[in-house]
Amino acid sequence: DQQVKQNSPSLSVQEGRISILNCDYTNSMFDYFLWYKKYPAEGPTFLISISSIKDKNEDGRFTVFLNKSAKHLSLHIVPSQPGDSAVYFCAASSSGSARQLTFGSGTQLTVLP
Amino acid sequence: KAGVTQTPRYLIKTRGQQVTLSCSPISGHRSVSWYQQTPGQGLQFLFEYFSETQRNKGNFPGRFSGRQFSNSRSEMNVSTLELGDSALYLCASSLAPGLERAPRFGPGTRLTVT
Numbered sequence: 001d002q003q004v005k006q007n008s009p010s011l012s013v014q015e016g017r018i019s020i021l022n023c024d025y026t027n028s029m030f031d032y033f034l035w036y037k038k039y040p041a042e043g044p045t046f047l048i049s050i051s052s053i054k055d056k057n058e059d060g061r062f063t064v065f066l067n068k069s070a071k072h073l074s075l076h077i078v079p080s081q082p083g084d085s086a087v088y089f090c091a092a093s094s095s096g097s098a099r100q101l102t103f104g105s106g107t108q109l110t111v112l113p
Numbered sequence: 114k115a116g117v118t119q120t121p122r123y124l125i126k127t128r129g130q131q132v133t134l135s136c137s138p139i140s141g142h143r144s145v146s147w148y149q150q151t152p153g154q155g156l157q158f159l160f161e162y163f164s165e166t167q168r169n170k171g172n173f174p175g176r177f178s179g180r181q182f183s184n185s186r187s188e189m190n191v192s193t194l195e196l197g198d199s200a201l202y203l204c205a206s207s208l209a210p211g212l213e214r215a216p217r218f219g220p221g222t223r224l225t226v227t
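Those sequence lines, one after another, are chains A and B.
Numbering follows our numbering, in which position 27 of the first sequence is assigned residue number 27; successive positions increment by one, without gaps.
Convert by adding 113 to the 1-based position in the second sequence; the result is the number in our numbering.
Keep in mind that a hint or two might mislead.
[Unchecked claim] If the Cβ cut is set under 10 Å, some of the chain B residues that face chain A in the computed set are: (1) S144; (2) F160; (3) P216; (4) P220.
These aren't lab readings, by the way, just hints derived from the structure by calculation.
Note that the Cβ used here is the ideal one computed from N, Cα and C, for glycine as well.
Take these sequences, add in the hints, and give me the full structure.
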């Protein structure tokens, strides 16, 4: 069963606008959530993370929101830039297995100039 | 600070052979984990090593194994290769348990089994 789900395989956004990528999880033991960006033939690049004791974390143009009751998190990118075009993966882990990440299937973001 | 390095970057093997992939973590990182990425299954956790001991293992057959050396470098081995083992194998390193929990990934080794 998929414990981390990204239901949108792709998303297109105009340059300068906001990109919102969504992720849902089912495992209540998850208490740490991460977003990675990936280009073809490269490894994932860490973007931002959030602990379950918070509901928001911000780093420059990237903000992650966590809604624990809905088991939902989202990544906001403002403003979006063409260089942001990549596959974005949501991942989760639990304290008992802190470095064992469970990944979503990814969302291809395309930022149009 | 240099990132995670993986060698080789590309590899072509024949069904039935075995393969060894290598990973050097970021300096100071003592935990190394391995992931497999395939189009059908996505990114899946293989195993994690810390202090030369396997700490966690994913749901993969025993043909997949690994080890970690005293300098934190890690290798993973796949024996009796099958066509379905064709994938991008990613290594990630982290600080010691209890510290920062965001693993940093290397560029991966692209394995093709023919």
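For each hint, the structure was consulted:
{"no.": "1", "hint": "S144", "in the structure": "holds, 5 Å"}
{"no.": "2", "hint": "F160", "in the structure": "holds, 9 Å"}
{"no.": "3", "hint": "P216", "in the structure": "holds, 6 Å"}
{"no.": "4", "hint": "P220", "in the structure": "holds, 5 Å"}
Going through the hint list in order, the structure satisfies each hint without exception.
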